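2 protein chains.
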Amino acid sequence: MVNIIVDAFGGDNAPDAVIEGSIMAVQNLGIKVTLVGNEKLIHEAAEKNNLSLTGIDIVHAETVIDIHEEPTSILKERKDCSMSVGLGLLRDNKGDAFVSAGSTGALVVGSTFIAKRLKGIKRAALAPLLPAREGYMMLLDGGANTDCRPEMLVQFAVMGSAYMKKVMNISSPRVGLLNIGAEETKGRELEIEAYKLLSEAPVNFVGNIEGRELPFSKCDVLVADGYTGNIALKLYEGMGLYFAGTLKSMLTKNIKTKLGASFLTGEIKDFKKKMDYSEVGGAVLMGISKTVIKAHGSSDAKAFYNAIRQAKECVDKGVTDTISAYIESRKEGEEN
Amino acid sequence: MVNIIVDAFGGDNAPDAVIEGSIMAVQNLGIKVTLVGNEKLIHEAAEKNNLSLTGIDIVHAETVIDIHEEPTSILKERKDCSMSVGLGLLRDNKGDAFVSAGSTGALVVGSTFIAKRLKGIKRAALAPLLPAREGYMMLLDGGANTDCRPEMLVQFAVMGSAYMKKVMNISSPRVGLLNIGAEETKGRELEIEAYKLLSEAPVNFVGNIEGRELPFSKCDVLVADGYTGNIALKLYEGMGLYFAGTLKSMLTKNIKTKLGASFLTGEIKDFKKKMDYSEVGGAVLMGISKTVIKAHGSSDAKAFYNAIRQAKECVDKGVTDTISAYIESRKEGEEN
Numbered sequence: 001m002v003n004i005i006v007d008a009f010g011g012d013n014a015p016d017a018v019i020e021g022s023i024m025a026v027q028n029l030g031i032k033v034t035l036v037g038n039e040k041l042i043h044e045a046a047e048k049n050n051l052s053l054t055g056i057d058i059v060h061a062e063t064v065i066d067i068h069e070e071p072t073s074i075l076k077e078r079k080d081c082s083m084s085v086g087l088g089l090l091r092d093n094k095g096d097a098f099v100s101a102g103s104t105g106a107l108v109v110g111s112t113f114i115a116k117r118l119k120g121i122k123r124a125a126l127a128p129l130l131p132a133r134e135g136y137m138m139l140l141d142g143g144a145n146t147d148c149r150p151e152m153l154v155q156f157a158v159m160g161s162a163y164m165k166k167v168m169n170i171s172s173p174r175v176g177l178l179n180i181g182a183e184e185t186k187g188r189e190l191e192i193e194a195y196k197l198l199s200e201a202p203v204n205f206v207g208n209i210e211g212r213e214l215p216f217s218k219c220d221v222l223v224a225d226g227y228t229g230n231i232a233l234k235l236y237e238g239m240g241l242y243f244a245g246t247l248k249s250m251l252t253k254n255i256k257t258k259l260g261a262s263f264l265t266g267e268i269k270d271f272k273k274k275m276d277y278s279e280v281g282g283a284v285l286m287g288i289s290k291t292v293i294k295a296h297g298s299s300d301a302k303a304f305y306n307a308i309r310q311a312k313e314c315v316d317k318g319v320t321d322t323i324s325a326y327i328e329s330r331k332e333g334e335e336n
Numbered sequence: 001m002v003n004i005i006v007d008a009f010g011g012d013n014a015p016d017a018v019i020e021g022s023i024m025a026v027q028n029l030g031i032k033v034t035l036v037g038n039e040k041l042i043h044e045a046a047e048k049n050n051l052s053l054t055g056i057d058i059v060h061a062e063t064v065i066d067i068h069e070e071p072t073s074i075l076k077e078r079k080d081c082s083m084s085v086g087l088g089l090l091r092d093n094k095g096d097a098f099v100s101a102g103s104t105g106a107l108v109v110g111s112t113f114i115a116k117r118l119k120g121i122k123r124a125a126l127a128p129l130l131p132a133r134e135g136y137m138m139l140l141d142g143g144a145n146t147d148c149r150p151e152m153l154v155q156f157a158v159m160g161s162a163y164m165k166k167v168m169n170i171s172s173p174r175v176g177l178l179n180i181g182a183e184e185t186k187g188r189e190l191e192i193e194a195y196k197l198l199s200e201a202p203v204n205f206v207g208n209i210e211g212r213e214l215p216f217s218k219c220d221v222l223v224a225d226g227y228t229g230n231i232a233l234k235l236y237e238g239m240g241l242y243f244a245g246t247l248k249s250m251l252t253k254n255i256k257t258k259l260g261a262s263f264l265t266g267e268i269k270d271f272k273k274k275m276d277y278s279e280v281g282g283a284v285l286m287g288i289s290k291t292v293i294k295a296h297g298s299s300d301a302k303a304f305y306n307a308i309r310q311a312k313e314c315v316d317k318g319v320t321d322t323i324s325a326y327i328e329s330r331k332e333g334e335e336n
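For the record, the sequence lines run as chains G and Y. Letter 139 of the first sequence, counting from 1, is numbered 139 in the numbering used here, and no numbers are missing. Letter 195 of the second sequence, counting from 1, is numbered 195 in the numbering used here, and no numbers are missing.
No lab work stands behind these hints, which were simulated from the structure alone. Treat the hints with caution; some may be incorrect.
Just so you know, same-sequence chains aren't split out, so a pair can sit in one copy or run between any two.
Stated by the list, open to error - Pairs of lysine-lysine, DSSO-like flavour, derived with a Cα cap of 27 Å:
1) Lys256 - Lys273
2) Lys79 - Lys186
3) Lys218 - Lys253
4) Lys122 - Lys274
5) Lys234 - Lys40
6) Lys116 - Lys186
7) Lys166 - Lys218
From a predicted model like this one, the values you see are computed outputs, not experimental measurements.
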C-alpha cells in the first residue's frame with residue numbers, strides 16, 4: 001500500500017487542516033498516511049475536532065521550522081523539525097512521497113540534501129500547475145532557483161513533460177519558454193541559449209511564450225528561471241484574487257446586482273473552482289529522488305487531501321522513474 | 001500652443017484611427033497636432049472617413065517601419081519612415097512631444113539616438129500605467145532594456161516618481177521593487193543591490209513588492225529590469241483579457257445568465273473601463289529629452305486621443321524638466 005508522509009505542522013492551518021485532509025485521503029484513496037510532528041499536539045487536535053486517527057501512523061518530531069527561518073537551518077539547528085524528520089523517513093524508505101505546506105525554501109534545501117536529487121539532475125525545480133483556459137500548465141521553475149543556467153531549463157522541460165504525460169495523460173506535452181517575444185533572438189543570454197538547447201532536446205518544444213499568452217493554454221509545460229517563474233506564478237495568483245474580489249464586490253453591490261448574481265450562481269461556482277489551486281493539489285518539487293509535494297501555505301483540509309492525492313498519483317504513475325530513465329538514456333547517448 | 005507630433009502610420013489601425021484620434025484631440029484639448037506620414041494616404045483616409053483635417057499639420061514621410069524589422073534600421077535604411085521623421089521634428093523643436101503606436105524597439109532606439117536621452121540618464125525606460133485596485137501604478141521598465149544594472153533601477157524610480165507626482169498628483173509616490181520576497185536579502189544580485197541603493201535614494205521607497213501584490217495598489221511606481229517588467233506587463237494584460245473573456249462567456253451562456261447579466265450592465269461597464277489601457281493613454285518612454293508616448297499597437301481612435309492627451313499633460317506639467325532638475329541636483333551633490 002502506498003504510504004504518504006505528511007508534515008503535520010506546515011502551513012497556516014496546521015495541524016487541524018492537515019489531520020483532516022489526511023483522514024480524507026486514508027478513507028478515499030486506499031493509502032496509508034504517516035503524519036510527522038509533535039505527537040501530543042496531533043492527538044489533542046484530533047480529539048478537539050472529534051477526528052479518528054485510524055489508518056494513520058504518527059512519527060514524533062519535536063519542533064517546527066518557521067517560514068521566516070533561514071532555509072539551511074533545516075540541516076542544522078532545526079534537524080528535529082517535522083519537515084526534516086519527514087524527509088529523513090522518505091530517504092530511509094519509510095514512505096513513498098512527502099507532502100508539506102511549510103517553508104518553500106526549507107523544503108527545497110531539505111529535499112535536496114536529505115532526500116537527495118535524482119542522479120544527473122542539476123537542480124530541483126518547484127513546479128506549480130497553473131489553471132489555464134483549457135486544463136493546466138506546469139510552470140518550472142516556480143522559485144526554487146533564483147539563478148539558472150540554460151541546461152537547467154532543458155532538464156526542467158524534461159521533468160515537466162514527464163509529469164504532464166504520466167499524470168495528466170497528455171501524449172506529447174508542448175513545452176514553451178517564457179520570453180519577451182516570439183523570435184528566437186529575443187530575451188537575455190539565458191533564453192537565447194535555452195531556445196537553442198530546447199530545439200534540440202527530446203521534448204515537444206513549441207518556442208517562446210510571452211506573458212500575455214500564459215492563460216491561453218499555448219503550452220503544457222512552461223520553463224523559466226526561478227526568479228522570473230516566481231514573479232509570474234505569484235502575479236498569476238494575485239490577478240486571480242483581484243478578479244475574484246472585483247467580481248464579488250460587483251455582484252454584491254446592491255439589491256439589483258444581487259438579483260443578477262442569483263441567476264449566475266452555477267457559472268460563478270465553476271469559475272471559482274477552475275481558478276482554485278487547491279483543486280489540483282500543490283506544486284511538485286521535481287528532480288528529487290522521490291515525490292515531494294509543496295502544498296500551498298494557506299491550504300485547507302481539501303487542499304491537503306488533493307496534495308496527498310497528487311503525491312499518490314506521482315507514485316502510481318512512476319514520475320521519478322520516468323525522469324531517471326530519461327537522464328540515464330541521455331548519459332548513454334553522450335558517452336557514445 | 002502645445003504641438004503634439006503624431007506618427008500617422010503606427011499601430012494596427014493606422015492611419016484611420018490615428019487621424020480620428022488626432023482630430024478629437026485638436027477639437028477638445030486646445031492643441032495643435034502634426035501628423036507624420038505619407039501625405040497622399042493621410043488625405044485619402046480622411047476623405048474616405050469624411051474627416052476634416054482642420055488644425056492638423058501634415059509632414060510627409062515616405063515609408064513605415066514594420067514591427068518585424070530590426071529596430072536599429074530606423075537609423076539607417078528606414079531613415080525616411082514616419083517614426084524617424086517624427087522624432088527628427090521633435091529633436092528640431094518642431095513640436096513638444098511625440099506619440100507613436102509603432103514598433104516599441106524602433107521607438108526606443110529612435111528616441112534614444114534621434115531625440116536623445118536626457119543628460120545624465122543612463123537608459124530610457126518604457127513606463128506603462130497598470131490599472132490596480134486604487135488608481136494606477138507606473139511600471140518601469142516595461143521592456144526597453146532586457147538587462148539592467150542596479151543604478152538604472154534607481155533612475156527608473158526617480159523618473160516614475162516625477163510622473164506620478166506631476167501628472168497623477170500623488171504627493172509622495174510610493175516606490176516598490178519587484179521581487180520574490182519581502183526581505184531585503186531576496187532576489188538576485190540586481191535586486192539586492194538595487195534595494196540598498198533605493199533605500200538611500202530621494203524617493204519614497206516602500207521595499208520589495210511580490211507578484212501577488214501587483215494588483216492591490218501597494219505602490220505607485222514599480223521598478224524592475226526590462227525583461228521581468230515585460231513579462232509582468234504582458235501577463236497583467238493577458239490575465240485581464242482572460243478574465244474579460246471568461247466573464248463574457250459566463251454572462252452569455254444561456255437565457256438565464258443573460259437575464260442575470262442584464263442586472264449588471266453598469267458594473268460590467270465600469271470594470272471594463274477600469275481594465276482598459278486606452279483610458280489612461282499609452283506607455284511613457286521615460287528619460288528622453290522630450291515627451292515620447294508609446295501608444296498600444298491595437299489602439300483605436302479613443303486610445304490615440306488619450307495618448308495625445310497624456311503627452312500634452314506631460315508637457316504642461318513639465319515632467320522632463322522635473323527629471324532633469326533632479327539629475328542636476330544629484331550631480332552637484334556628488335561633486336560637493
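Hints versus structure:
no.	hint	in the structure
1	Lys256 - Lys273	both (25 Å within a copy, 20 Å between copies)
2	Lys79 - Lys186	between (45 Å within a copy, 24 Å between copies)
3	Lys218 - Lys253	between (36 Å within a copy, 24 Å between copies)
4	Lys122 - Lys274	neither (33 Å within a copy, 45 Å between copies)
5	Lys234 - Lys40	neither (36 Å within a copy, 50 Å between copies)
6	Lys116 - Lys186	between (35 Å within a copy, 25 Å between copies)
7	Lys166 - Lys218	within (20 Å within a copy, 41 Å between copies)
When held up to the earlier numbered hints, the structure conflicts with 4 and 5 and fits the remainder.
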